[in-house]
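From first to last, the protein sequence lines are chains E and B. Heads up: the first sequence runs through residues 302 to 538, numbered per the working numbering. Heads up: the second sequence runs through residues 794 to 1024, numbered per the working numbering.
FYI, nobody ran anything at the bench for these hints, they're computed from the structure. Computed from a predicted structure; not experimentally measured.
Just the calculated beta-carbon pair ranges, DEER-fashion: (1) 900/B with 527/E: 21 to 31 angstroms; (2) 991/B with 406/E: 49 to 59 angstroms; (3) 880/B with 303/E: 23 to 33 angstroms.
Chain B residues, not near chain E, derived (Cβ > 10 angstroms throughout): (4) 798; (5) 804; (6) 806; (7) 815; (8) 857; (9) 933; (10) 939; (11) 953; (12) 1011.
Cβ coordinates follow ideal geometry from the N, Cα and C atoms, glycine included.
Chain by chain, the residues run as shown.
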Amino acid sequence: MRALVRGGPATVGAPMLTRLCEVAIRELRMSGAVVSLMTPVHATGDQSGTIMAASSDRARGVDELEFSLGEGPGRDAFLGSRPVLTPDLERAFDRWPGYVPAALAAGVRATFAFPMLIGAARFGVVHLHCPGARTLTDHDIATSLMLTELATEIVLDTYAPAGDHTPADVPLLGPDDHRDEIYQAQGMVMVALGVSLREALARMRAHAFASNQELAAVAADILAGRTRLEPDPDGAP
Amino acid sequence: MISTERISDLFVEVADTLVDEFDVIDFLHNLTVHAAGISGADAAGLMLTDQMGRLRFMAASNSNGETLELFQLQNSEGPCLDCFTTGEPVVNADLAHAADRWPTFAPRAIQLGYQSVHAFPMRLREHIIGALNLFGSADALFDAADVRVVQALADVATIALMQERTIRRAEELTEQLQGALTSRVVVEQAKGAVAALRGITTDEAFELLRRRARSSQKRLVDVAQAVLDEG
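Construct the complete structure from the given sequences, taking the supplied hints into account.
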């Protein structure tokens, strides 16, 4: 699946995410897939988030409903930092009195919203739509989570400072071991450089890529005080 | 042999936890401490599935417990992984005779001073969501009654994690599990941030976060989140 998404000609974020949406609808038998970027301000307030990619204009329209109505499963998934899986919107009128009728009118009956996040570093949401009531199998859930992780990885690399190498196609966190150290180092870099938690991990990944090290090794060096990442010379994120 | 008095204390504490604002990280940590204490084991650890076929370390009663859980994950081998894969408990496994079964894990556990190991599945109907591991000495072997009690403890952990008491759908399980896994990552990130802010170790930072949560009667994960939002 990684190869399907990463393997095409485009190497920058949006086209790769569009391909990810296409893979998602095919693999998961959905009618629509949308990748939105959000910040807490977007999700709680007046501004709308940015729809970065969608499988179709129709799918994009369904997610725009959430931003115009100020409620919906994607926003809740983002704010709650966990998936919001709704197999049947007909039974969710109480939760989203505005969104549900609008989504049903747009031909969506089930929605599955997965937040793109790494702990407290939140990026946005992968949102899947289905025209009929639908329960996800364990296999569907694993596939959705994997695609969400991949989307997070693609979005994360857009946070790497300009001029740095973008670590194209390096898995999000590397091998499974020492992940706690990676998360701890991420918090440290956030404070040390005064950058967002998202940017902190992007910097660590870029450093690992440029110095040809595993991310876990970079994290261990940061925790031990052996490596100090420098502030971005351009001063821009 | 399991102490009934300690069991009653534990269930009182679990009941308290479930009515109060629920803190998944603190709860699982306490549960591993109790599981070790009650069973006479020296260390306990707990892992949860990320639903992509991988297990994630969640809590341990002490640093040896943590070391052995992470060691199993790094080497893709050990009683917790077996238990998660088969859904069956591993009881009274003798580490001295387990080199065939766990060629890297068994010697490491012996090196840390353990002789026996047990693992109990965390089951929710057809789903296995994780496993509880116990490490002990040879004279801490479990009898049938002990096995029932420790399995009950693993079941309690499962019920507590699945906060919505009547989980009927796989979707609800995913919502709860992914939320629990995220909570743990948030706490780790906050440990790093606090360590950098104060010039202290991450262990000291964790103690500070826990104290702050207790004194303000907030959940550890909320205190951790607040630290990261400020930063």
